[in-house]
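J.: If you read the protein sequences in the order shown, they are chains Y and L.
Using our numbering, the letters of the first sequence correspond one by one to residues 1 to 287.
Using our numbering, the letters of the second sequence correspond one by one to residues 1 to 141.
Just so you know, the hints here were simulated from the structure itself, not pulled from any lab data.
Accuracy of the hints is not assured; some may be wrong.
Each computed SDA-like pair below joins lysine to any residue, with the alpha-carbon atoms no more than 20 Å apart [claimed, not checked]:
no., chain 1, residue 1, chain 2, residue 2
1, Y, Lys220, L, His75
2, L, Lys15, Y, Lys131
3, Y, Lys131, Y, Ser176
4, Y, Lys31, L, Leu14
5, L, Lys15, Y, Arg48
These stretches of chain L come out as covered by chain Y in the derived footprint (C-beta under 8 Å, 3 or more residues) [to be verified]:
no., stretch
6, 50 to 64
7, 83 to 94
8, 113 to 125
Note that the coordinates shown come from a computational prediction; the quantities given were computed from them, not determined experimentally.
Glycine included, C-beta positions come from ideal geometry on N, C-alpha and C.
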Amino acid sequence: MATLRDIKQRISGVQKTQQITRALKMVAAVKLRRAQQSIIQARPYAHRLGAIMGHIASKVEHNLHPLLEEREPKRVCYVIVTADQGLCGSFNQNIIRKADAELSQYQDKQAIDLILIGRKGRDYFTKRNYKVIGEYIAFFKNLQFSQAVDIAQLIMDLYNEEKLDRIFLIYNEFKSAAQQQVVVEQLLPIIPVIPEDETFMADYIFEPDAITILDTLCPKNINIQVWRVLLESFASEMGARMTAMEYATENANKLIADLQMLYNKIRQEGITKEILEIISGSEALKV
Amino acid sequence: MEDKFFKLEIVTPLKIIYQDQVKHIRLPGVDGYFGIMAGHAPFVTSLAIGEIKVDLANDTKYFATSRGIVEVLPHTTTILVETAEDASQIDIERAIYAKERAHRRMTEHVPGTDIDRAKDAWFRAVNRLKIARKLKEPESK
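Hey, can you work out the whole structure from these sequences and the hints?
T.: Written as structure tokens, this is what we have:
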């Protein structure tokens, strides 16, 4: 049977935990606001650039530019974006589960290259005998465009040297503070997209010519897409953490209420017992 | 003839600068300015530093812009540029300052200076100034 002091201690323990979860929630909320703003501002440009690339890819010969070329996928690369920290609900688990499912399609583990962004994913996949060609941890603290460019550069170099034939991104897409969606997306080669009113597309003109345009546009597109994905993931992480910590705080409240109730009951019992003892004592004296 | 309109979007990495139904636009192509009206053949081209002129039903807008790309589709034209500033919102003092700073970089020859970048900055500043001043003192016709 728990003593009063035990329960008192547990209550104060839960209260301390609650203070931490509440603080984490507040921090996540502030970061979320900023992260949400950046992703919402970055999306229009990235989506439109991606669409234009798709249109161009549907109009030119694919061997015209290395970044469009469809090669036999001998070496496949997955870029997996997770968080550096836990305490964000099922954010990391969702990504890892999805990535595991994707990777299990391949017979030969050694034919896959992984680029791991975020400590959680790194810790998981480095232990599992995959070939890791890039890892980036403690990355989101101060997210800069140049970091996206670094990763994009690595990807493009390996692709151009034909060390990689196909590149996928796995990341959490930001829907709302309480909702993220795991997305698997092909980054390279660029998938052709035919515009909605394609009847007019017969004579799609390039000026000065397709190669010049692709040369400037392709690297920029990869940079921007990687950047977008980093922002999506960061905003999702903050959203997930805020929601998870909100639940944890509420849960602590419930726990404290229950414990308090138990405490009161035991205290009441004790008092009742004491009164009984006193009464029976005085009854005994009367006789 | 009735005016035909098409949808124009000017988008930078930071935000959507402008979005509307417009009548005619004039863009700074790499080989000089060119115009686009509704029903233009679909095409893609690069843009240089310069001025975007947008004709609406009864208004005209100017934007200072730097390098980018434009895609023209039958009903929509999308302009993706590094920067685009509404001419009426250009800060002239800042532009002058940027121009002077770029000029110093170009002339001082400090080792490690990226001359091409300085030149680019100078062109952008001059472009911003030109467009902002044109708006302040309307062309006398």
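J.: Check each numbered hint against the structure and report the violated ones by number, ascending.
T.: 1, 2, 3, 6, 7, 8
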